[in-house]
Amino acid sequence: MKVERYCTKCKKQFSWREVQKSTRNLFIRPEIECSDCGEEYKITILSYILEMFFRFIPILVFYFLMKYDTSNGISLIVFLVIGSFTIFIAPFFVRYVRVAR
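Just so you know, we're using the numbering used here here: the sequence shown kicks off at 1291 and counts up by one.
Among the hints, erroneous ones may be present.
Unchecked claim - Listed below are the simulated SDA-like cross-link pairs for lysine to any residue, each with C-alpha atoms no more than 20 Å apart in a straight line:
#	residue 1	residue 2
1	Lys-1357	Val-1371
2	Lys-1332	Arg-1295
3	Lys-1311	Cys-1324
4	Lys-1299	Ser-1325
5	Lys-1311	Phe-1346
By construction, these hints were calculated from the structure, which means they are not laboratory data.
Construct all of the structure, not just a fragment, from the sequences and the given hints.
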């Protein structure tokens, strides 16, 4: 089981946008399909856990900022900045494995 960030069949690299779209819904284990050859890949378990962790960080930070009675405006700004940052960098850590047919 080799971990890939590109299609093993046609060597097309998955773009940031394709990875971001495939990981929008983390209630199911995300899949991505190569737009050139149609080969299917699933996110690895480690990447899935890491992706969930990235989504949880802004909520945790916001909780602690609100708990220690900081300004609501500052808490909201920090939440939005950290949330945007984690959404931006998360696809760079995602790895896929080919789905066996």
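| request: Of all the hints given earlier, name the ones this structure violates by number, lowest first. | output: none
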